[in-house]
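Undergrad: Chain by chain, the residues run as shown.
Protein chains: 2
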Amino acid sequence: MAYSLVVPPASHFHTSTLRSMASSILSRHLASSLRPSRGLSASGHRHQQTTAKRVEEVEFDGPCMKTEVPGPRSKILAQQLESIQSVVQVNFFCDYEESKGNYLVDVDGNRMLDVYTQIASIPIGYNHPALTKVMTDPKNMGTFVNRPALGMMPPEQFSEKLVNGLMAVAPKGFSRVQTMACGSCSNENAYKAIFIWYRNKMRGTPEPTPEEVRTSVINQVPGCPDLTLLSFMGGFHGRTLGCLATTHTKAIQKLDVPSFDWPIASFPQLRYPLDQFERENAREEARCLEEAEDLIVKWNQKGRHVAGVVIEPIQAEGGDNHASFDFYTKLRGITKKHGCAFLVDEVQTGGGSTGKFWAHEHWGLDDPADIVSFSKKMLTGGYYQKDSFQPDKPFRIFNTWLGDHTKNLLLTEVIKVIKTENLLDQAKRSGKVMLEGLYDLQDKYPHLLSKARGIGTFCAIDVKDEDTRNLLLLKARNKGVVLGGCGTQSIRFRPALVFKEHHAHLFLDIFNDAITELK
Amino acid sequence: MAYSLVVPPASHFHTSTLRSMASSILSRHLASSLRPSRGLSASGHRHQQTTAKRVEEVEFDGPCMKTEVPGPRSKILAQQLESIQSVVQVNFFCDYEESKGNYLVDVDGNRMLDVYTQIASIPIGYNHPALTKVMTDPKNMGTFVNRPALGMMPPEQFSEKLVNGLMAVAPKGFSRVQTMACGSCSNENAYKAIFIWYRNKMRGTPEPTPEEVRTSVINQVPGCPDLTLLSFMGGFHGRTLGCLATTHTKAIQKLDVPSFDWPIASFPQLRYPLDQFERENAREEARCLEEAEDLIVKWNQKGRHVAGVVIEPIQAEGGDNHASFDFYTKLRGITKKHGCAFLVDEVQTGGGSTGKFWAHEHWGLDDPADIVSFSKKMLTGGYYQKDSFQPDKPFRIFNTWLGDHTKNLLLTEVIKVIKTENLLDQAKRSGKVMLEGLYDLQDKYPHLLSKARGIGTFCAIDVKDEDTRNLLLLKARNKGVVLGGCGTQSIRFRPALVFKEHHAHLFLDIFNDAITELK
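Those protein sequence lines, which keep their order, are chains B and A. Quick note on numbering: the first sequence equals residues 1 to 519 in UniProt numbering. Quick note on numbering: the second sequence equals residues 1 to 519 in UniProt numbering.
To be clear, the hints were calculated from the coordinates, so they are not data collected in a lab. Note that CB positions come from ideal geometry on N, CA and C, so glycine has one too. Careful: at least some of the hints might be erroneous.
Claimed, not checked - Far from chain B by the CB rule (all over 10 Å, computed), these chain A residues: (1) K66; (2) Y191; (3) P208; (4) G238; (5) A245; (6) A282; (7) K416; (8) N422; (9) K444.
Claimed, not checked - List time: in silico SDA-like cross-link candidates among lysine to any residue, alpha-carbon distance up to 20 Å: (10) B:K464 x B:P446; (11) A:K172 x A:K416; (12) A:K66 x A:A130; (13) A:K75 x B:E160; (14) B:K133 x A:D275; (15) A:K139 x B:H305; (16) B:K139 x A:A130; (17) A:K139 x B:G109; (18) B:K139 x A:E59; (19) A:K298 x B:I218; (20) A:K330 x A:V297; (21) A:K66 x B:E156; (22) B:K100 x A:P138; (23) B:K133 x A:I218; (24) B:K386 x A:Q80; (25) A:K336 x A:L274; (26) A:K139 x B:P129; (27) B:K337 x B:H305; (28) A:K386 x B:E211; (29) A:K100 x A:T132; (30) A:K133 x B:K464.
Sequences are here, hints too, so could you generate the full structure?
TA: Written as structure tokens, this is what we have:
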């Protein structure tokens, strides 16, 4: 296990980082350095584009850099913030009023093409007019000013907004949804739903024994049973204590925090591009599947039953690790064979960037999962569940707010925009440009780049080592592209769904420029 | 331990409940049944009130009931919602546009005095003009439409809003605050901060060993240490797995969910009113303090160190259980003596309803806590922490959103209103009317009511048994007062801070009427 305690996805305000940034490239207008390359006719030039009218109407025509990032204003604000809060993770401060579409504007007036989108959580770009309209509609005011306890006293339009929002994009086979406030809460509650379902199944009735009732309040078996969840190395499912027990990415996220001793299986370490290494990848996947099934059998035998298996369709935070659709199909089969719930965590993959609304749809299964959790680009957290996972009694899955109805209102509009503007197809097209461009770049710089991979715009590439990756992130940012890291040496690309082919070309140009500046 | 699996704080849409409700009192205009009583001259009559002008300007002059609750429209909406979500907890559907001040209006046009306020989470009443103004201010639009990853790319006004919001009401001794999305996430992350702090202290350095780094990723000691938190029977700190290990209220919240084996101390079971039973209450508190300290010593000795103690200033969900300021003072002393962090959970008690902004301020201590967590009426979740609890490295306490800046904007205005309208003093005055009225009621109905208790408007009373309590909640609601239960047989009163003396009188009148209808 690498000792990787500090993994900044981009620069922050550490003195040492500031020093290293001061010595990096000078601030300058980025636009002037853009040049058509690799046969692109019009990167960033609006008038030559025929597609993308809608977004262009409210968007800038390219990055525009005035200072290094963070600039002087960001630094002053960071100093102010530092007196009340940690700023070690802060990259820079933003002007969210001025940001538009794919462009994030910072407080120093730097305008950057955003290929990270607030850690993959901005669905249709900044200040989309459809969302502004929701906010200015007087009939939504009551929802925005008064936050309901959604589980007890929902607003009149609650059902309707769920039907036109979350349920309009429900994965196949799911007719029920539970909203939550964030990704971690979504998984925490999904885990609880799994445990409750599994115990009901074990005891053959939802009615607990008096002994179970008594012991549950004091954290003891049998009321708090010794059930487990199987997760995968490299998986990320959140940072609260339950989620954290299934998260296995970086030490810094878990160190010093007590955890549950639950089974952890290997996630396939595949060679890319996947279609060129099918046979050896299949062997690796078979090994991992066998290990997962062995763990389930073994843990069941020792009485610490595996109630569920939790996995991402693509391991995101862990380094954009892919597995084949066949792997997931077989894993789903294993969960059915052993009576485990199958939770597909689509917090980062969901919402359309893979070219399908849910990444697991690529598997092509009729019964892909028992629970699908979401957050980020869905604006609200929550999970879809099969009927059998809904607890029969009140207050088993509950909290004060159960999400935030303002997010449901916004999401309903986001989904409309995705449909009317065919943004899933857009993600496929832009993703094709991106991935082909990344292949070109790794061919051009084989000593620096490798493992270009992706589905839709959900792409990534590896850099030769962690330090070089971090330096490349900084260089790209100072040239007007915001990117994020993942895993130990990967860069993840997470544009919004309004990211069009010409944005992809523009991104590739700037990224290429940044690479050439690496020693 | 009582077998109390289903504890509805008020009616919901279970068939059986609907049946029992159908047989209860008829729908009617409540206003007509109001009469001055116990010397009150003007309950609910605006023109005779001299105080309370500001709120009255935007408020109704009393409840107005048109149907039973839930009414026909609520029932139809519940049927619709039931096809996609559990409705077993739903009380009724609300018209949040029409609700104002202390009055919650439902979709059937019933207007109710709200003494529960969305599970104690509405600070200054419904649709307060100051909050509407925040929402309609065009310069806030960017914040509402684009949700930032606050830990990485905060908006320009982030510091300023924290300074004028959360930090303007920071408890004594706290200069740092961390925002989170909800109460559970706040405590989960506060727990992590405690564990990190404790381990750093144990090892004498924040730098882990390679063995710790390696094992942390796979949930094993020493990386994931076997540390514990001490909590109290009857305490409630949230429902995610970490929080749930410190929550010991009702079986239904914990049953079937794996937990941590952590020490649990008795919370004092006091006799009320506290000032009449000082000596025996002091004995009970001494017993509990001794038990808590014994547990810390014992668990430390067996190597499962108690890193922190977590407690509410008043156990709310657990039944509005109070302990004396002396108890908390001594408990704080014990945590210092044994090097445990002291986390005061003010999720429900914080925000002003006790007459001080934080309930723990009543203890009068210079160094009351190491961490104070909040949510609900603070609109955002989060916690204040001493400097030493802020992790030295990035991404130890982190998630995508780290709260929601829209809530910080609203909170800043809430705090202004609390200050300019002297709402803490208001809570003291209204609370005095409430508590005296509750004393009167329990004198009048000693076979039904007991243990009236409270600080400020944070009051409660016990009903003779759970079924009677639940029936009383329904009767009060059909007469135009929304209340909530807590513990096994208590009613908790949680009005907003704009709840004035005349609201208290009005509430007492209606509550009295409801009681008289109990067989």
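Undergrad: Hint by hint, note whether the structure agrees.
TA: For each hint, the structure was consulted:
For K66 (chain A), the non-interface assignment is confirmed: its Cβ lies about 15 Å from the closest Cβ of chain B, beyond the 10 Å cut-off. At the 10 Å boundary, the C-beta of Y191 (chain A) falls inside the reach of chain B, the nearest C-beta of that chain being 7 Å off. Not every Cβ of chain B is farther than 10 Å from the Cβ of P208 (chain A); the closest lies at roughly 6 Å, contradicting the non-interface assignment. G238 (chain A), annotated as away from the interface, has a beta carbon of chain B within 10 Å; the closest lies near 7 Å.
Once the 10 Å rule is applied to beta carbons, A245 (chain A) is inconsistent with being away from chain B; the minimum gap is 6 Å. For A282 (chain A), the shortest C-beta to C-beta distance to chain B comes to about 26 Å, beyond the 10 Å cut-off, and the non-interface label holds. A cut-off of 10 Å between C-beta atoms confirms that K416 (chain A) is not in contact with chain B; the least separation is 15 Å. Against chain B, the non-interface label of N422 (chain A) holds: every CB pair exceeds 10 Å, the least being about 22 Å.
At roughly 30 Å, the least C-beta separation between K444 (chain A) and chain B is larger than 10 Å, which holds for a residue marked as non-interface. Proposed proximity of K464 (chain B) and P446 (chain B) is supported: the alpha carbons are some 9 Å apart, at most 20 Å. Proposed proximity of K172 (chain A) and K416 (chain A) is supported: the alpha carbons are some 19 Å apart, at most 20 Å. With a CA separation close to 30 Å, the supplied pair K66 (chain A) and A130 (chain A) exceeds the 20 Å bound.
Distance hint between K75 (chain A) and E160 (chain B) is fulfilled; the C-alpha atoms sit about 15 Å from each other, no more than 20 Å. Pair hint K133 (chain B) plus D275 (chain A) does not hold up; C-alpha atoms about 57 Å apart against a cutoff of 20 Å. Between K139 (chain A) and H305 (chain B), the direct Cα distance comes to roughly 54 Å. Violation of the 20 Å bound is thereby established for this hinted pair. At roughly 17 Å between alpha-carbon atoms, K139 (chain B) and A130 (chain A) fall within 20 Å of each other, so this suggested pair holds.
For the hint linking K139 (chain A) to G109 (chain B), the alpha-carbon distance of about 17 Å falls within 20 Å, and the restraint holds. Only pairs whose Cα atoms come within 20 Å are accepted, and K139 (chain B) paired with E59 (chain A) is accepted, the gap being roughly 19 Å. Taking the CA atoms of K298 (chain A) and I218 (chain B), the gap is near 18 Å; set against the 20 Å cutoff, the hint holds. Of the supplied pair hints, the one linking K330 (chain A) and V297 (chain A) holds, its CA atoms being roughly 16 Å apart against a limit of 20 Å.
Annotation: proposed proximity of K66 (chain A) to E156 (chain B) holds, straight-line Cα distance about 17 Å (limit 20 Å). For the given pair, K100 (chain B) sits about 16 Å from P138 (chain A) by alpha-carbon distance, which is consistent with the 20 Å threshold. Note on K133 (chain B) and I218 (chain A): the hinted pairing is violated, with a Cα-Cα distance of about 47 Å set against a maximum of 20 Å. Our distance criterion of 20 Å between C-alpha atoms is met by K386 (chain B) and Q80 (chain A), whose separation comes to about 18 Å.
Distance hint between K336 (chain A) and L274 (chain A) is unfulfilled; the C-alpha atoms sit about 27 Å from each other, more than 20 Å. A C-alpha spacing of about 15 Å is found between K139 (chain A) and P129 (chain B), which places the hinted pair at or below 20 Å, so the restraint holds. Under the criterion of a C-alpha separation no larger than 20 Å, the hint pairing K337 (chain B) with H305 (chain B) is consistent with the structure, at around 14 Å. Of the supplied pair hints, the one linking K386 (chain A) and E211 (chain B) is violated, its CA atoms being roughly 41 Å apart against a limit of 20 Å.
Restraint check for K100 (chain A) and T132 (chain A): the C-alpha separation of about 12 Å stays at or below 20 Å, so the hint holds. The straight-line distance between the Cα atoms of K133 (chain A) and K464 (chain B) is roughly 52 Å, outside the 20 Å bound, and the hint therefore fails.
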